[in-house]
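Keeping their order, the protein sequence lines are chains F and B. In this text, residue positions in the first sequence follow this note's numbering: the first is 123, and each later residue adds one. In this text, residue positions in the second sequence follow this note's numbering: the first is 790, and each later residue adds one.
Hints in this document: simulated from the structure, not taken from any laboratory. Predicted, not measured: the structure shown is a model, and the values here were computed from it. Don't be surprised by glycine CBs; every beta carbon is placed ideally from N, CA and C. It cannot be assumed that every hint is accurate.
Below 25 Å or equal to it, Euclidean Cα-Cα: the simulated SDA-like pairs (lysine to any residue) are [stated by the list, open to error]:
id: 1; chain 1: B; residue 1: K914; chain 2: F; residue 2: L446
id: 2; chain 1: B; residue 1: K913; chain 2: F; residue 2: Y309
id: 3; chain 1: B; residue 1: K908; chain 2: F; residue 2: I306
id: 4; chain 1: B; residue 1: K908; chain 2: F; residue 2: L237
id: 5; chain 1: B; residue 1: K842; chain 2: F; residue 2: N242
id: 6; chain 1: B; residue 1: K988; chain 2: B; residue 2: K913
id: 7; chain 1: F; residue 1: K443; chain 2: B; residue 2: T929
id: 8; chain 1: F; residue 1: K327; chain 2: B; residue 2: S942
id: 9; chain 1: B; residue 1: K908; chain 2: F; residue 2: H312
id: 10; chain 1: F; residue 1: K327; chain 2: B; residue 2: V898
Stretches of chain F that chain B covers, calculated by requiring three or more beta carbons in the stretch to come under 8 Å of a beta carbon on chain B [to be verified]:
id: 11; segment: 316-328
id: 12; segment: 333-345
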Amino acid sequence: MEKLGIDSLLRRPEMGAFLGMVFVAIFFSIFGGILFMSPQGIASWLNVAANLGIIAIPVGFLMIAGELDISVGAMLPAASMTTGIISGHYGLPIIIGILAPLALGAVVGLINGFLVIRTNVPSLIITMGTLFALAGLSLFLSVYFTNTTSAAITAPDWAKAIFGSFIGGTYQILVIWWIAISIIHFYFLHLSPWGNWVYAMGGDKISARNAGIPTDRLTIGLFVLSSVSASFVGMCQAILFNSAQVSAGQSYIFNSIISVVVGGVLLTGGFGSVVGIVFGTITFAIVNQGIYFTNFDRNLSSLIIGAMLLIAVLANNTFRKMALSYTRKKKA
Amino acid sequence: MSMENKVPVIALKDVNKSFGPIDVLHDINLEVRAGEVLCLLGDNGAGKSTLIKILSGVHQPTSGTIEMDGNPVVFDTPRVASEKGIATVHQFGGTFALMSIGRSFFVGVEPTKGWGPFKVFDRKKANAIAVKAVQDFGITRIDDGDRLVGGLSGGERQSLAIVRAVHFGARVLILDEPTAALGVKQASHVLRIVNQAKKRGLAVIFITHQVMHAMAVGDHFAVLIRGAVAADFRKGEKTREQITDLMAGGETMANLEAEIENYMQSHDGHPPAAH
Ligand SMILES: Nc1ncnc2c1ncn2[C@@H]1O[C@H](COP(=O)(O)OP(=O)(O)OP(=O)(O)O)[C@@H](O)[C@H]1O
Ligand SMILES: [Mg+2]
C-alpha cells in the first residue's frame, strides 16, 4: 500500500489527531496517576469513545461530503425512548424494540436528506430544525404514552449480550461494535470506489454531479447512515442501562463535531479520514474523562477541550498545507 | 480531410435565450468541426457564458436548436450533454483540490480490483493511467498520481481537466476563460494543451478576453456583442487590431482612447466607471 516514510505520514489527514491523542494520553497518564492506566481507567474513556465514535464517523462522512448533521443529538434519546416505550412500558418483544428505533432513524435520515437536496437551505439549519422537532416530538410522545420522561426496560439476556453488556464487568460491548463499524467505514471511505464519491462531492458538488456521481442519492444515504448510527447507540444504551431518558444526547451534537474536526476533517468538506476521526474521538474521550483522575477542577475539562480544538484545527491546517505543497523529491 | 469532417460536430441554429423579460442571446448561428478551435470573443456580459451553458445543458434555449453531427439534440441536463461527449472546463478546472491526481481523474469511473462485493479502488492503476495521460500531453512535470490536485499550478490544473475530458472520450471541449487567471508561461502551457486536443480531433470552443490567446489557437472566431454574433471570420481574415476593435463593441481602439481622454478632461481626471 502506501509508502511509509515520515514525510508521507505527515501528509495524512489523521496526523494532527494522532499527535494530539498521544499528547493527551501521556499528559493524563502523568497527572492522572496509576488509576488512569488501570483497566477501569481505560474503560472510562474507551466506553465514552465507543458511544461517541459510532456516531462521529458518519457525522464525519457528512462533513467530508460538505454537509452537517446535528440532529443526532435528538435522534439518540428518541431511539432510546422508542426502545424503552415499546419493550419496557408496553412489554413488547425486544426485537421490535431493537428494529423500531433503527427504522425511525432511517425515516429521520430520509427526511433530512430529502430536505437538504430539495431546498437550498444549508444542512446545519435543516438538521437544527429536525433536532428541535424530534426533541419536541419525543418529549410529547413520551409523556403521552408513559406519563413520564423516562422508561424502564429489562431486556432478555441474548439482547443484553449483543447490544448492552459489560465485558469483564468494565468494557461496554459497544467497544466491539465500534471497532467493527470503524473497519466497515474504513473500507467504504478509503478502499471502495464509493469513498471517492464522498470526497468528490465535498470537494466540488457540481463537478461531481457532472462527472456522473449520484450526489442526491449519496447525500440521502449519508444522512440515513448518521441517523441510524445515532439510533443504534440510543437503542444500545437503553438496553445497557435498563432505562431510557428523553433528555440525554444533546452533548453528542458538539462532541461528535469536535471529534471529527480534531480528527482532521475539513469543516468545509473534501478532506478527512476514518482513522483520523477515531483518533479524534479517543482524544476527546481521554480529555473528557481523564480530568476525573487528576487533582484538577473538573470544570477545567471544557477549557482543555476548547483549547485542544483550536490547537487541533491550526495543526490540521498546517498538515493540510504540507499535503498540498508536497512534491516527490527528484531521485538524485 | 475526410468527408465527415465537413459536418459540424456541434452547431447552434437560430438559438435565442431570454431569462424572463431579459433577452440575452439573439439568433445565434455557430458551428464547430472536428479538429477545429472556435474562439468565442466578447465583452463582459455579451452572453458568452450563457451560450456555453446552453451547449453544456445547464440552460435550455428559449427557441432554436442544437445539432450534433447534423442531427437535432436536446440537452435537458449537464449529465445528458456530458454523455453525448460535451465536456466543459471552467476557470478553475472543476477539479477537486484536496483529492489526489489519480483519484480526481477517475471520479465517477473508478477502476477497481478484487472480487465480488469486496471491490477496492485500484489506486496504482488510477495513478498510472492518469499520470500517463497527462504526460502524453507533454506535461512531464506531473509524475506522481498521489499528489493533491490543489498543489498543482493553475495551468497544470486546467491542463489536467482538459486531459481528463479528452481521455474519457469528449468530442466537444468547451473552455470558459481557461487562461484568465494565468500568467504568460502558464497560459502558453494551457494553449499548448488546447492545440493538442485539437490535433486529436476534438471540436474546441474557447472563450477568452485575450486576443493573443485566441489567435494562438483559433481557426475560427466569433465575436458576440450584446447577445448577437457581430462578426464571424476565419483565421487570417482579420488582424489583431481589428479583432480588438470588434471586441470593444465595433469601435476602433483609437476612438475609444480618444473618448476616454475626453471623459477624463470633463470629469476632473476620473476615468469612466466600468459598466
Ligand atoms: N440566470 C440569468 N438570469 C437573468 N439574466 C442573466 C442570467 N444569466 C446571465 N444573465 C444576463 O445575461 C447577460 C450575459 O451574461 P453572460 O454571463 O453570458 O456574459 P459573459 O459574456 O459570459 O460575460 P463575462 O465576460 O463577464 O463572463 C448579462 O447581462 C447577465 O446579466
Ligand atoms: Mg462569462
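Outcome of the hint check:
1. Restraint check: the Cα-Cα separation between B:K914 and F:L446 comes to about 22 Å, which is no more than 25 Å; the hinted pair holds.
2. Taking the CA atoms of B:K913 and F:Y309, the gap is about 17 Å. The hint holds against a cut of 25 Å.
3. Distance check on the hinted pair: B:K908 and F:I306 sit about 13 Å apart at the alpha-carbon level, within 25 Å; holds.
4. Among the hinted pairs, B:K908 with F:L237 is inconsistent with the structure: their alpha-carbon atoms are about 32 Å apart, more than 25 Å.
5. Proximity of B:K842 to F:N242 is assessed by CA-CA distance (about 21 Å); at most 25 Å being required, the pair is judged to hold.
6. The straight-line distance between the Cα atoms of B:K988 and B:K913 is roughly 29 Å, outside the 25 Å bound, and the hint therefore fails.
7. Taking the CA atoms of F:K443 and B:T929, the gap is about 24 Å. The hint holds against a cut of 25 Å.
8. Distance check on the hinted pair: F:K327 and B:S942 sit about 22 Å apart at the alpha-carbon level, within 25 Å; holds.
9. Using a Cα cut-off of 25 Å, the hinted pair B:K908 and F:H312 holds, with the two alpha carbons roughly 12 Å apart.
10. Using a Cα cut-off of 25 Å, the hinted pair F:K327 and B:V898 holds, with the two alpha carbons roughly 16 Å apart.
11. With 8 residues carrying a beta carbon less than 8 Å from a beta carbon of chain B, the segment 316-328 of chain F meets the three-residue requirement, and the given coverage holds.
12. Residues of the segment 333-345 of chain F with a Cβ under 8 Å from some Cβ of chain B number 3, which satisfies the need for three, so the listed coverage holds.
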